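Same order as they appear, the protein sequences are chains P and W.
Residues in the first sequence are numbered consecutively from 1, following the working numbering.
Residues in the second sequence are numbered consecutively from 1, following the working numbering.
Treat each hint with caution, since some may be false.
As the list claims (entries may be wrong) - In silico DSSO-like cross-links for lysine-lysine, where the CA-CA straight-line distance does not exceed 27 Å:
(1) W/Lys434 to P/Lys356
(2) W/Lys356 to P/Lys426
(3) P/Lys263 to W/Lys263
(4) P/Lys425 to W/Lys12
(5) P/Lys425 to W/Lys266
(6) P/Lys356 to W/Lys188
(7) W/Lys434 to P/Lys425
(8) P/Lys165 to P/Lys188
(9) P/Lys165 to P/Lys135
(10) W/Lys12 to W/Lys367
(11) P/Lys425 to W/Lys367
(12) P/Lys263 to P/Lys227
(13) W/Lys367 to P/Lys434
(14) W/Lys135 to P/Lys135
(15) W/Lys356 to P/Lys434
(16) W/Lys188 to P/Lys264
(17) P/Lys426 to W/Lys12
(18) W/Lys18 to W/Lys264
(19) W/Lys18 to W/Lys183
(20) W/Lys188 to W/Lys386
(21) P/Lys263 to W/Lys426
(22) P/Lys367 to W/Lys434
(23) W/Lys266 to P/Lys264
(24) W/Lys248 to W/Lys386
(25) W/Lys356 to P/Lys367
(26) P/Lys367 to W/Lys183
(27) W/Lys248 to P/Lys426
In short, the hints are calculated from the structure, not lab data.
Predicted model, so just to flag it, every value in this text is computed and none were measured.
Protein chains: 2
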Amino acid sequence: MTAIALDYERLKGLLTEKEISGLQPDVDRLHASLEKGLGAGSDYLGWLHLPSRTSSALLDEVMESARFVRENAEVFICVGIGGSYLGAKAAVEFSRSAFHNQLPRGLRQSPEIQFAGQNISSDYLADLFELVEGKEFCLNVISKSGTTTEPAIAFRLLMDLVARKYGPEEARKRVFATTDQKKGALKKLADARGFKTFAIPDDVGGRYSVLTPVGLLPMAAAGMDIKTLIAGARSWESLSSASSALEKNLSYLYAVLRFLLYKKGKAIELMAAFHPSLVSLMEWWKQLAGESEGKGQRGIFPASALYTTDLHSLGQWVQEGSRNLFETFFMVDSSRRQIEIPRLDNDDGLNFLAGKTLDFVNDKAYKGTASAHLEGGVPNMTLSVKDRSEYTLGRLFYFFERAIAMSGYLLGVNPFDQPGVEFYKKNMFVLLNKPGFGKGS
Amino acid sequence: MTAIALDYERLKGLLTEKEISGLQPDVDRLHASLEKGLGAGSDYLGWLHLPSRTSSALLDEVMESARFVRENAEVFICVGIGGSYLGAKAAVEFSRSAFHNQLPRGLRQSPEIQFAGQNISSDYLADLFELVEGKEFCLNVISKSGTTTEPAIAFRLLMDLVARKYGPEEARKRVFATTDQKKGALKKLADARGFKTFAIPDDVGGRYSVLTPVGLLPMAAAGMDIKTLIAGARSWESLSSASSALEKNLSYLYAVLRFLLYKKGKAIELMAAFHPSLVSLMEWWKQLAGESEGKGQRGIFPASALYTTDLHSLGQWVQEGSRNLFETFFMVDSSRRQIEIPRLDNDDGLNFLAGKTLDFVNDKAYKGTASAHLEGGVPNMTLSVKDRSEYTLGRLFYFFERAIAMSGYLLGVNPFDQPGVEFYKKNMFVLLNKPGFGKGS
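Same shape as in the complex, but just chain P (with noise of 0.2 Å):
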């Protein structure tokens, strides 16, 4: 049992053995570049051993800022877009209940975790504002450089409600700063103040960073046990290094498998969940592999769905529309709290589930759909995790990590760059005439 299991038993109709095991010796040969630091983006491989080179000493470090964000804070208010944004989100609805920050407090035994920075909507920073007004809360700034304009802009304005709030001497001890270790407008700003600050290391990419700081401490913040969550990365890590055998190593197998169906014409990989706390996890994913893949007018196109709830919406569509997708299914084993369906007089006809497990009918509203569409054209496979821990959520950063590294230099890009970011932020800085951008209309 290694907590992450694929299962890609129907995709046998459109890929044989013989493909698969074909891609063997490049997975080899990328793999020993990938470990030896010798492919494209090398620069950016701090991702690789992160785990395991990650000290007791940092992880206490967060946790005592966390320990105080919990004893001091209603709010813990996160600042960052992309990957300062996605992988602690991810994460917070990955472990913590559906309605984390509508409980009460007693029951939420932590702040509620909110975000900003991550759009410039005036009527989310407004609402954000009202929902805080009256209640105590810190702020964590996320940005390498600091001058990402949405995080920075938010934060600038949040800093002032803290500063006016609290005064200068208690907001030192309530702005938390994760950004570059020396250099940088924010790092600058955070030593002039006094704010704390976590380092992200300089070898490590937005989209990779869930496991440094940038995701540590508001995880850390909702309560997560973020070292069993390092541990869990840790031992992914450790089999990923260990072999590049396809049997062995079910990152490189998926990321096979999904170049391979990329080759047949499948444009879109639908990853579909059947647990609304993958949801987020799901929009990580599409960072990273969208990001990683998506350039020289390739990649594959990276789309999410949560079933059943999208079986009544998209599901036609995937049943019979265009017939160039495939599905990955992501699956929990088991809930948490298993809830029975009681018997009923009345003819709703449903009876015959009086006294099944909601999990018990989830699974098999997943068998069906999971054979349905394969009827129907669509090539799917299952990606599954046995529970909502921490372990099981560090190995599967990781494993998408290492799936989507591997994935990016089958299809021959840089997985690690992203030239195509900036293009909409030059030109928005020419409409804003930023000063060095030419003048805007």
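Starting from the known structure of chain P, arrange chain W on it as the hints suggest.
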């Protein structure tokens, strides 16, 4: 000023005016067949003149029930899936605070609006039970037949909770059933127990039902002005029926543009909003578009993104990945509350924005994105609305309904059926040993 605008200037490199106007005769013909009820799926055209046929008496009745809910419930739980869920969720998010359910009651001035029966997750439901523990609540179960598995299970469990908490007499007042006018398991059960019922017209399909009590009761309970909403829808109905000329009928123009893009190999429509309040409205649109068009192995894959958030995740893919998509930007002209960026004496390089509003910056981000993506090979257009009022939302719902009906007809499919939705259900029922569905494994 029509309150909805469609700017397709940036498509003109790819689509000529001649191609667009070349479809006018088809549109005229399909418009006539729609209005006369002669096209495919004409048994389900109840939505077409629904706004103008909605009586004041019905709206008053809905508002009276909503008043009871607002006065007697801290939580209003809506039980439904697909079209019995997405519209209400979209509407509440469009018009209320981004943190509606988290605000203190005094600020919210309406109950929390929660959803159930939209999945089969044991943990989700357990979390919901924990959330409502000790709170006053009312239930709205929404299902035409009452036998759809997901809501039927959730309703059974929640009805149990109501009965135990309030006893049968009080329960009678706290449960509202939106269902078939005369027949079906839920109608029977509701009548037997004395629940107040609202009718879903026979000729209105689930994804076209948001302007019936399916959507109206939750909206009114959340404090929305449903009379104004219907007035907005009515105005767009009247505009749309009056003329099929593409320069006057923006719904049809949108349908024609996306049809032409699809014909040119753009397999994915990425609808991208710049405001978080539009996220669930895009989910509603995805059902409407995907379920109406995805059949006969054709149809655009409807995807959505929230910008600028997702520019930091999917942005790279959109800018430089596979060139098989187009974008529809979804804008709100003006936020409700304007926030100005303050000046700060540090060198985060942001002072060039001091004194500017967030709306100003967000607009430049949009314009920068539109030109960058166009340059990168992603044709795009912009759908924009004036504000987040009920009137605008009513127009928008109808705008999309009319557009997707035309779009399906152009594609040559019946936009009002969903044969593919049944497949997974059949498989699931077999696996669950449902009577009449054969033996499972």
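Could you tell me which of the hints above the structure violates, numbers in ascending order? When the structure is compared with the hints, numbers 7, 12, 16, 19, 20, 21, 25, 26 and 27 turn out to be violated.
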